[in-house]
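Construct the complete structure from the given sequences, taking the supplied hints into account.
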Amino acid sequence: MATTDQMSEMTAPAAGASPELLVLLTAMPQEQLESVLANLTDSLPVESLLVAAPEAVSKTAYPALRIVAAPPASASWTLTAADFVSAYQAADKNKARALLMLGPQSASLGSAGLRALSNAVLTTATDLSVPCYDLTPNAGLINSAILYPLSRALFASRVRFPLATELGLSLRMAERLAGAAQRLVTVDQGETPLWPINEASVAGFAVGQFDAGPHVQEVNPGLDLNTVLPTVTGALFSDIDAKAAFWQRPRQLPPARDPLPQSRPSDGAVDITPMVQSFRLAYTNLYELWSLVLPPNSLFGLKRLFATDAAQFRMPDSLWVRVVYDFLLAYRLRTINRGHLLGALIPLYLAWVASHINVAASGVSPESHIEAVAAAFEADKPYLVARWRWPDRFNP
Amino acid sequence: MNFALTCETFRTSGTEPMQGVDFMQNAFAMMLQPDVNQTSPPSYAGSDSIWQQISESLHQSLYRVLSLLLAVLPGLVAFLVAVVVLSLVGMAVSALLRRGLAAAKFDDRITRGGSNSDWMTSSSPSALIARVSFWACVLIGLIIGVSAFDASYATAALPPSSLMPYLTHAVGAVFLLIAGTLFARFLARSVLIEAVNAKLQYARLLSLGIKWLVLVLTGAMVLDHLQIGGNVVELAFGILFSGIVLTLALAVGLGSRDLVSRSLESHADRSSERLTAPPATSGADSGDSIRHF
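First to last, the sequence lines map onto chains X and R.
Residue numbering for the first sequence follows my numbering, starting at 1 and increasing by one per position.
Residue numbering for the second sequence follows my numbering, starting at 1001 and increasing by one per position.
Honestly, the hints are just simulated from the structure, not real lab data.
Honestly, I wouldn't trust all of these hints.
Okay, derived cross-link-like pairs now, DSS-like style, lysine-lysine, Cα gap no bigger than 27 angstroms in a straight line [what the hints assert, rightly or not]: (1) LYS243(X) - LYS1105(R); (2) LYS303(X) - LYS1199(R); (3) LYS303(X) - LYS381(X).
Pairwise CB distance ranges, derived in the manner of DEER restraints [to be verified]: (4) SER1087(R) - GLN248(X): 37 to 43 angstroms; (5) GLN248(X) - ASP1107(R): 50 to 56 angstroms; (6) GLU47(X) - LYS1105(R): 30 to 36 angstroms; (7) GLU175(X) - VAL1089(R): 46 to 52 angstroms; (8) GLU175(X) - ALA1095(R): 24 to 30 angstroms; (9) ASP1107(R) - PRO45(X): 46 to 52 angstroms; (10) LYS1105(R) - PRO45(X): 47 to 53 angstroms; (11) ASN226(X) - VAL1081(R): 53 to 59 angstroms; (12) GLY179(X) - LYS1105(R): 17 to 23 angstroms; (13) ASP1107(R) - GLU175(X): 47 to 53 angstroms; (14) ASN337(X) - VAL1245(R): 35 to 41 angstroms; (15) ALA1249(R) - PRO295(X): 26 to 32 angstroms; (16) VAL1081(R) - ARG334(X): 35 to 41 angstroms; (17) GLU288(X) - HIS1225(R): 27 to 33 angstroms.
These numbers come from a predicted model, not from an experiment.
Idealized CB from N, CA, C, for every residue including glycine.
Set out below in structure tokens:
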């Protein structure tokens, strides 16, 4: 993908005045695009908007909106580094004060959510506004198991969805993200997800989180766990590795949201047997590989889990924390090939999911369990820091 | 009559008359007698001459061995000098590179460049470059040394030996063996992880099969490179390779027929459920209401 001046062919806005807010839309089906545009006209003053859309939009349907063509973007399931480069170039070219990036599946974001994200970066000192989605208990589990706890423990951020696909950005935040994204694009990794929360934490920028209501995702047949988990965790581990000097220092976590966001009711009982079987199959086949990464104590914990019935299947939070931290360390040290490492994490993640569903089925609120897991990550951070600094030290 | 004539002939044609012995003794004595045309007649008569012969043989073999050593010695010294000198050069180049790259902040530039390749080692990029340059110099020294050794050996006007061709081929064979073993291990691990994540019950069998296919291929290439076995190796490799493939096919097709059919059915079920799933179950696992992302 071309990285220099991707917006050069963009049509200039019809009105001469600079827009307050540039709304950058990624590739999405036509009906979703129309839904997003309708939401925008309902929630924001159209005279201050400039919309950059990759698809052709009928201007007669939205005469009040200034719509320009955005460069064609790849149909990714999340915002990628290349999207952030394009976004900043567009904002700089049109002299916008702030940006609203709407990724795929943003049609479900309501008017209130759009307004909150936009106003935060336009009218307050917030540099990055992110949505807090209202999901069912069994949704967004990679986020709950790995992304949120790691982001909270290492970057002292309570943002519940660090890899949100809708973002409000101030111009300086967009510039910083574009700089980070450009480095990835230069080495032909433009499709890699970027971590705005981590960047904002390192830069010391203000981050705001806003309720965004229910979030519904369409089916993406090419998207499966074996692709998503290695991609997301690999990108996050790499970002953590690059920002090691920042997160090793202790930081104060902002106060918790009160009360905790309540999950929507579950869609029904979930059969965890396939996930437990996957874990058991992996235990019998991948034990040697895991033993290169995990210390004996964690292996013993997994052995006990292997012998547990599906009904009693519970992975202790401390064990999951150590698994993630040791995989992060192995990623940094390149103990084994990184592709192999992230592939070997998938069955362990499925074991956590099975355990989480069992915990939720026992009457514990899923959100409380996720908060407990995140707190366990925070409590065990000294282990990560110590092993990061002295990886060869004895580790039973 | 004829017999008497023969005896008479012997008596008259001998160089010296043999008296007091019968005919058989005469005949044996004649067989042992030296040829009159021989220039230096060996003396087998006394024990002194035998010891002399042994001594001469020992001297000759000692002479041959010493000559061989003297012929090889310059080549050996040249080999050692080449390796030592190039190793020292390699150390110097490595140290210079290390300092130069550190001064240019090469590691920081690479890290900031976002290099995220799976193939990078745990060492820093500058340390890796310095190490590679050192070992490249050592390798060049080895090649120069072996060439010098080979040249001096060939010009020594000694009988050709079968050692040198194998020595030179052995270096390539060792590299082939290492590369093949590493590739087999990498491939086996990749297949194992992918198969486990695809929930295939015969993941280990598949991984082992792939590993041994690559190892057998590597072994055949090494033997071929060493020119050992000739057509026998090719034939044996063909039989063994086909045998492993056939075994895998039979194991998967017959022995694990039920497992394969179950795997295929579950895969087909997952695909059909994915296609027919409502929007709320995007990214669902096994058709349940689980959404990982």
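When the structure is checked against the list of hints, which entries are broken? Sort them ascending. 5, 6, 8, 13, 14 and 15
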